[in-house]
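Sequence lines, in order, name chains A and B. In this text, residue positions in the first sequence follow our numbering: the first is 1, and each later residue adds one. In this text, residue positions in the second sequence follow our numbering: the first is 1, and each later residue adds one.
Source of the hints: derived by calculation from the structure; they are not laboratory data. Backbone N, C-alpha and C define an ideal beta-carbon position, used for all residues, glycine too. Possibly wrong hints are sitting among the right ones.
[To be verified] Pairwise CB distance ranges (calculated):
1) B:Ala-79 to A:Ile-425: 55 to 65 Å
2) B:Ala-79 to A:Pro-152: 49 to 59 Å
3) B:Asn-118 to A:Gly-110: 15 to 25 Å
[Unchecked claim] Where chain B lies over chain A, by a calculated footprint (3+ residues, C-beta under 8 Å):
4) 16-24
5) 99-106
6) 254-260
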Amino acid sequence: MHSPKPAWLWLVEKEWRELLVSRAWWVLLVVIGPLVGVSFIGAVRTYAEVSGLGGTAAGVGEALSPLVGIWAPTFSGCELAAVFLLPFVCIRLVGGDRQSGALKLESQHGMPAFARIAAKAGVLAGGWFIASAAPVVAMIMWKSYGGTLYAPELATVAVGHLLNAGLTIALAAAAASITEHPSTAAIVTLSVTVGTWIVNFIAAVQGGIWERLASYTPTAMVAEFQHGLLRLDMVLIALALVTGGLALAAIWMRIGVAVRRRVFESLALGALMTVVVATSALVNTSWDLSENRMNSFSERDEQTLSQIRTPLRIEAHLAAEDPRRADLERKALSKLRRVMPQLQVQYISATATGLFEQTSPHYGEIWYELAGKKEMSRITTAEGVLETIYALAGVSPPAEADESIFRGHPLAVPPKGAAIVFYGIWPVVVIAVGILIRRRST
Amino acid sequence: MITAENSSSLSGDFLRVAGVTKTFERMRALSDVSFSVRRGEVLGLIGPNGAGKTTLFECLAGVLPADSGSVCHTEQSIAPGDRSSFLFYLPDGIVPWPAQTVRWALDFTLGFFGGPANLRDDVIQRLDLRPLLNAPIGTLSKGQRKRALLAAGLLTPQPVLLADEPFDGLDLRQTREIAAALRTYSAAGRTLFLSIHQIADAARVCDRFVLLSGGRVRGEGTLSELCAVALSQKSEAPPKGLEEVFLALT
C-alpha cells in the first residue's frame, strides 16, 4: 500500500523537522536579531544626526536616502549571518545525514539526488526567509519612527541577500557533500569565502581582469543590490552558481557511484558552468530601482546620451588604487555603461597605487574618443564626464530639471525602543519558540 | 563446495550475484563473490570480522561502488542505481534522524519508501516497540535502536531486505523474539539476507548460508549441504553444527 503523500513531500517534511531540531539554525535565529539590530540602531542614529538631531545643521541630510543611510547597513547584519552562520546550518543538514547514516537509507530511494538536495536547499531557503524577519522588524520600527519605505529598492536589497544566501547554501551543500566530515566542509566553505575576499583585494590593487572577476563575488554582488541596482547578469550568474553548486552536491551525494566517475561529472559540470557564467556576463540589462536613481544619470541626460550611436572609447591614466579612479568608476562610468552598452574603457597605469606616477606628464588624464575625435579631461565627476562627452559629440547638454532632483527623506528621530526589541525581546522570543517547538516535536 | 551455479539449478533463484569484486586502495575486500538468493528464504551471510560482509551488502545495495560483478534478476542484470527496486539495505551502527522519534521514523519509512502500511502495527508489536514510540532515536540504547531500525527495514517495500548484524546489541531473549519475528515475515514472502557474525544466531534463524572469509565465498547452501561439502574436503568425522562447518570451510 502506498502513502497518498508523495515521497518528495515526505522528504521536505523530514528536512523541515531536521531544521527545526538543528541547534545551528536556532543559534542563527537568536544571533541575527542583535546583529541586524546593532546595524539598524547605528544607522538610525547617524541618519538622525545628519538630518539635524543634536544640533547638526538641518538640511544636511536632504540628499540622504534611507537605502544608503539605513537599509544598506541594516542588511549588512544579514550578510554577516549568511557568511559566518548559515554555512553551519547547511552543513548540519547535508553533512548530518552522512554522519548519522541516514544518507545510506535515503539514497536507496529511486529519487534523483538533485531532487533530494533541492529539498534540503528549499528548506534551508525557508529557514533563511524566517531569519529575514529581523530586517522586517527593522522596517516596521523605521516606519513607526515616521521614516519612508520605498518598496522597489527594498525588494532589490532583499533579492540580493536572498541570492547571497542561496550561494552560501549551494557552496556549503557542495562542500558537505564532497567532504567526509562536517568540520572539513566548514573549513572548505570558509576558505572559498575568504578566497573571494582575496579576489576583491587583488582586484582593488591590480584592476584589470581581477576587477571583472571581483564584480561577481558575493560581496560585490550584495553591494550592487544594496545600491538598488538589479543587474540581470548578476542574477543569472548567481542562479547559475546556485544551481551548479547544488548539482555538484547531488553528484557527490551518490555514494554508490565510483569516485572516478563523480570526478569526471564534476569536471564536466565545471566546464558547463564556465560557459553559462561567461555567457551570462555578456548580458547588459539592468534596472535602477533606487528611489534617488543613484545608479543612473538624470532621465534627460540618459535620453541625450542614448542619441549618441557612435561607440565611445575612454582611456583613463589612473592606477587601480587611485581614489579618483574609484570616483570616476562609481559616479560616472558605471552609470554610463548602463546607457551606452558599446562603451569601451581602458585603464592605463604603471603601478597599483599611482603614488609615484603623479609626476608623469600623462598621469590623471582621461581621454575620450568618439567618431575619430579625441578630447582630454582630468575631471572625474559625473557632470565633468558628461560635459566632455557632450562637447565631443557636438550635442547640447539638457537643461537640468528641478523636479527630477531627489530631495531625500531626512528624519531626525533617535532609534527609540530598538535596543529593547533587538537585544531583549528578539532573543527571548526566539529561545522560547525554540524550546516550545523542540518539546512538541519529541 | 556448493557454488552459485549449481545451487541456482536446485530451485528458482530470485537474485543471482556473480563475480562481485571490491578493492580499497591495495586491499582486496571482495574477490569474485558469487551466490544466489531464493525468494522467501532467510539467507545468512556468515563470516568473521573483516570477512567483507558489510562491504558485500553495500556493493549489492548500490551504496558502495563495486569494481566489478553483477546482480541479476530473471537473467537480467540490475544496474546499481536500479537495485533499490529489489533490495533494501539496513546498515549496522547507524543512528539516522537522531532527534526524531521512533514513531516518526517508522511513518517516514512507510511514507517515503511507500512500504506496506498494514504491517505497521504488527511490526511494532512483534519487535516490542510500543514503549519506545515517542523516544528520539538518538536516546535509545544499542539494542533498542537495533529493534527500531529493524522495524523500519521490515516496513520497506522491497522484496529483499539486507540487514547487517540484526542481532547485534540484543540479549538472548530479544534475539529469539526477533528471530521468530523475522521467520514470520519470511514465511509471509519477504526474502531476508542477514549478515551475522554470531554463528549460533545464524543457525537459529537462517534457511541457507553463504560463508564468507577473506573476501571470498567459502561455501553456500543449507546446513546439511555445507556439512557434506565439509566432509568431502576433510577426511575426519562429519562436522556437528554450523560452527564446525564454518571452521572446516574457512
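We went through each hint and held it up to the structure:
1. B:Ala-79 to A:Ile-425: 55 to 65 Å: 56 Å, holds
2. B:Ala-79 to A:Pro-152: 49 to 59 Å: 52 Å, holds
3. B:Asn-118 to A:Gly-110: 15 to 25 Å: 22 Å, holds
4. 16-24: Coverage by chain B holds here, the residue count being 3 at a Cβ distance below 8 Å.
5. 99-106: holds (count 6)
6. 254-260: holds (count 5)
Going through the hint list in order, the structure satisfies each hint without exception.
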